[in-house]
Amino acid sequence: MNWDRRAFVKFAVGAVVGLQASPLVPKLMDDVAIWTQNWSWVPDPETGSVAFAKSINPDTLTGVKTRLVKARLSGKRVIRVEGDPEHPLSQGGVIAADASVPQKAYYNAMRADAPMMRKEGVRGRVPAAEALKKVAEKLGELAKAGKASQVAIIADDPYSVTGEMLMRLAAAYGTPNLVFMPSAKQTLALAGQLLFGQNNIGFDLLNSSYTISFGTPLLEGFGAPVATRKAFAAWRKDPMNRATLVQVEPRSSVTASQADLWLACKPGTEGVMAFAIANLIIQSGQADSAVASAAGFDQFKAMLAGMYGLDKASQDTGVSAAKIKAVAEGFMKAPKAVAVCGPGNSGDPGRLFDFMAVLALNAVKGNLGKPGGVVLRENLPWKALGEPMAMPKTPSLDGSDDRIMGLDNAYDLAVAALSGKPYPLEALIVVGCNPAFSGPQAKVMQKLIDQIPFVVSVSEYLDETALMADVVLPAASFLECWGDCATPYGASQAFYGVHQPLIGIFPQAKSQGDWVLALAKELGGKAAAALPFADTKAALAARTAAMGGLDALAKKGYWMQAKPAYGFAFKTASGRLELTPQGLGGKLPVPAACIAPSKERPLLMAGIPSLRTGAGQQPLSPYQIKILDNVTLAHKDQLVAEINPKTAHDLHLGEGDVVEIASAAGKIKVGLHLYHGAAPGMVFVPVGLGHTAFGMYLKDKGANFFEAVEVAADPGSGLPQWALTPVSIAKAGGVSHV
Amino acid sequence: MSSSSSGIRYGMVIDVDKCTGCGACSVACMSENNIGVLPDETDKVRSITWLRVYQIDNHKPYPDTQIAFFPRPCQHCAGALGHHTPCVSVCPATATDRDEETGIVSQIPTRCIGCRYCVAACPYHARYFNWFDVPWPDGLDRPLSPFVAPRMRGVVEKCTFCFHRYQRAKNKAFVDGSTVAEKDYQTACTEACPSGAITFGDLNNPEHKVHELKKSPYAFRLLERLHTNTAVYYMSTREWVRRQADNYLSHEKLAKVQAGGGH
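In the order they appear, the protein sequences are chains A and B. Just so you know, we're using this note's numbering here: the first sequence kicks off at 1 and counts up by one. Just so you know, we're using this note's numbering here: the second sequence kicks off at 739 and counts up by one.
There could be a bad hint or two in this list.
[As the list claims (entries may be wrong)] Only part of the chain B face toward chain A is listed, based on derived beta-carbon distances under 10 Å: (1) P801; (2) A831; (3) Y855; (4) A858; (5) Y862; (6) A926; (7) T975.
[Claimed, not checked] Derived CB-CB ranges, DEER-like: (8) A:K27 / B:P944: 54 to 64 Å; (9) A:K646 / B:A919: 47 to 57 Å; (10) B:C853 / A:R5: 32 to 42 Å; (11) A:K393 / B:P799: 54 to 64 Å; (12) B:S827 / A:G14: 45 to 55 Å; (13) A:K636 / B:C853: 54 to 64 Å; (14) A:A128 / B:P875: 23 to 33 Å; (15) A:S598 / B:R784: 18 to 28 Å; (16) B:P799 / A:K237: 27 to 37 Å; (17) B:K991 / A:K27: 27 to 37 Å.
[Said to hold, decoys possible] Mimicking DSS-like on lysine-lysine, the simulated pairs with C-alpha atoms at most 25 Å apart in a straight line are: (18) B:K782 / A:K669; (19) B:K798 / A:K65; (20) B:K782 / A:K636; (21) A:K699 / B:K908; (22) A:K54 / B:K953; (23) A:K65 / B:K910; (24) B:K798 / A:K70; (25) B:K953 / A:K556; (26) A:K323 / A:K301; (27) A:K70 / B:K908; (28) B:K947 / A:K76; (29) B:K910 / A:K237; (30) A:K54 / B:K782; (31) A:K646 / B:K798; (32) B:K953 / A:K237; (33) A:K65 / B:K953; (34) A:K266 / B:K798; (35) A:K237 / B:K782.
These are computed hints drawn from the structure, not numbers from a lab. Here a beta-carbon is modelled for each residue, glycine too, at the ideal position from N, C-alpha and C.
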């Protein structure tokens, strides 16, 4: 055959057709794709046998199932934390903080993995014995010099076994300055104690058909978030026959948007709204009979009629009279209705006035001790770790000795210690919390930590506080150690959860309780005698002796009151409901002076509640950073604050403007997002970002809300308040398009 | 409704009225599927989120503003006539395919040549391209799941309805001599949602909850007028939410589009 043009074309066409018909091309492409993807830096997670183990996340009180893989070479590891459908409190499902537990537990850049000590200003790893010896020596010296009261302890949870150990340690050592981070549990207990003589109360949300939430983020972190969402899911089960949810707050939050009715009240007037509704019910003659026979009813009725009449309340709250009336009628008519109070939008412990107004409204409705109302919880059948101990006689720095129920206040402690009046602090032990970040007023806490000569941090993470500390004792995550947690805020049933070690990650990390016990042992004397336990497990065994023993409890994972207890008893001195509580000197609760914006600081700043960011107590995992939308964090590190378009217009500000929010306490830089749901005259800032620790995923992302927060003591409870801060806004230059 | 050769079509019904945008589904998905985290995740063009939760609002002034959330996994389109999935139809490397047995649109990263036609074709932004190799520094590789291979740069990835869970359930069913029941195969996001807003199952099986839910008068799908015939339904009693599921003009009435029709 001649190799002419025709032959060449034939050959070319044949080759193309042949190649098309053969598997060569796709096969080669496939192979090339695979060959070009076999890179050593793409991890190849080793497989192995899979097992499940149940536990509870003490930070969120979610019952979880952990998925463990046991591999031949890489050993046992946790790959997932999932919801446990059989858990009676959370009944399956998780929140983002639960699902990202493995990341936070394994990430070296976040965790404190070994005891550390600062020597000549440089922090380095040391053996545990050396670190403990140093702490004990320092505390011993102070005690010897009669300065035991100049040691303060700031801790996270008074209800945990670690909390109880710290109470015993503080008493034995001789310091009155043990404070716990403020929580709404304290405010609710106080309000219940004053009105009902009962401090262990909850809300039967699951059975309620009409719920009014007064300023608390019911769907964004209330109580045990997963358990609360189960109640919400039950309300929304049948689209044609839904339970009613009413949200009272200034911002169109997630809860407000999911509510059937949103009462957009002026900031700080939630309690006024509760009293206005109570007044309407009393005026209509439908108030419960227990209220009519309550101590101080006439005075109460006259006060409501005078100060919280419909027109005045409408004016004070900014909500139309018709809307208030409609809600009052709906609430009254509903067979199972409850009014709910709780932590504020940035995790603050709430105002006593609001809580008392809400509880009084429930009493007026007559839902105390009824299904779907306010219920009394059983006391947890736990046993004390030993005989009660006498508290030191030195007055405490935070002034808690003078308060009802002795509620402590970490902020007041810091202010008093900084001023040195009545005495300064020589040492500080921080257990399981991060006051240098979450304050409540971060700058003050940072100053305090900076000023105190000797600071110890018992922490799971190398957080802002740990980075400033002289000694860091690494705490284990709940996957690695024994520990416990008690009834979440507002739950209708008493609950107690236990977690146990499932896996070893950092060999030197111990439970917080183990560090407290080790320290007590090292101190010797009274401290060691007050805590005669070998380890946290032994202490838990003593604590849970009346709950069927630790082994059985650990196997099950929890103890829970079988069902909500209905029926109500007033345990006040008079044996009646006290609408003019004796605890307040027979006076009616009065609203806190409303924080008013001034000419210098014309706006009010509040936090944005979110289950994506949390309330700042726990760091976010890399995955949690990933789910933040660009209305929370934008342009790598720009925190985004919300402002009403009209307010922005009045201030000559626009979408994406970078501004500085300044309060009397500090300032933060944010980008602005114009959001119609933000109340005019306010600026709303995400909480929990702006860390200066925790590695590349979290460090320097956004700004810290708590650095701009100005804390004031609640006039009723004495607890620190940071729900609203007067601020000014000024352009800081630059525009970022959100 | 198109169906696969086996008659099974896995899908979801997401109740927008129960979703509070907490992101639990999204994080559960990331941890199940070894999704990587880049040092800067605010660049949403580069950020990979198989299940992204979008926030919308009703554009009304204060105090009538409302927000709602749309969790958006891959919609697992069947296409107008049951065989025209937008991404599958453009993939030159057969790296993505619609499984006739389950109705699930797969993604095989090792076959992907990174041309990104599928990313452009997807009307839901459900497909993501790995612009970078993901770092797994300082112990972050320890909690990686061995059941889903981590991806490298240069390939596309997306939600697979946790297909590895289906394979596991199928293996188990084979060993037991049974079939895959509703509870045996659930996606990670479904299990994670604390409100129970996500329901997953076989849309064609009357015994599965989704079969009934999708018939609700409040059920709708995203961009239904494109006739993509998706396997993910949403539910909301709020009309403004339903309107934003498709590009309705202000004067247009909300109409239920019959799926499966031609263009």
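Results for each hint:
1. P801: holds, 3 Å
2. A831: holds, 6 Å
3. Y855: violated, 14 Å
4. A858: B:A858 check fails; min Cβ-Cβ to chain A is 19 Å, beyond 10 Å.
5. Y862: B:Y862 check fails; min Cβ-Cβ to chain A is 17 Å, beyond 10 Å.
6. A926: With a minimum Cβ separation of about 8 Å from chain A (threshold 10 Å), the hint on B:A926 holds.
7. T975: holds, 5 Å
8. A:K27 / B:P944: 54 to 64 Å: violated, 43 Å
9. A:K646 / B:A919: 47 to 57 Å: holds, 55 Å
10. B:C853 / A:R5: 32 to 42 Å: holds, 35 Å
11. A:K393 / B:P799: 54 to 64 Å: Because 60 Å falls inside the window, the suggested range holds.
12. B:S827 / A:G14: 45 to 55 Å: At roughly 30 Å between Cβ atoms, A:G14 and B:S827 fall outside 45 to 55 Å, so the hint is violated.
13. A:K636 / B:C853: 54 to 64 Å: violated, 29 Å
14. A:A128 / B:P875: 23 to 33 Å: holds, 26 Å
15. A:S598 / B:R784: 18 to 28 Å: violated, 44 Å
16. B:P799 / A:K237: 27 to 37 Å: holds, 32 Å
17. B:K991 / A:K27: 27 to 37 Å: violated, 53 Å
18. B:K782 / A:K669: holds, 22 Å
19. B:K798 / A:K65: Violated, at about 42 Å.
20. B:K782 / A:K636: OK: B:K782 and A:K636 at ~10 Å, within 25 Å.
21. A:K699 / B:K908: violated, 44 Å
22. A:K54 / B:K953: violated, 37 Å
23. A:K65 / B:K910: Within the cut-off at roughly 21 Å; holds.
24. B:K798 / A:K70: Outside the cut-off at roughly 54 Å; violated.
25. B:K953 / A:K556: violated, 41 Å
26. A:K323 / A:K301: holds, 22 Å
27. A:K70 / B:K908: holds, 23 Å
28. B:K947 / A:K76: Roughly 37 Å separates the two Cα atoms, so the pair is violated.
29. B:K910 / A:K237: violated, 32 Å
30. A:K54 / B:K782: violated, 35 Å
31. A:K646 / B:K798: Status holds; Cα separation ~13 Å.
32. B:K953 / A:K237: Measuring from Cα to Cα gives roughly 16 Å; hence the hint holds.
33. A:K65 / B:K953: Distance of about 34 Å is beyond 25 Å: violated.
34. A:K266 / B:K798: Status holds; Cα separation ~19 Å.
35. A:K237 / B:K782: violated, 34 Å
Violated hints, listed in ascending order, are 3, 4, 5, 8, 12, 13, 15, 17, 19, 21, 22, 24, 25, 28, 29, 30, 33 and 35; each of the other numbered hints is respected by the structure.
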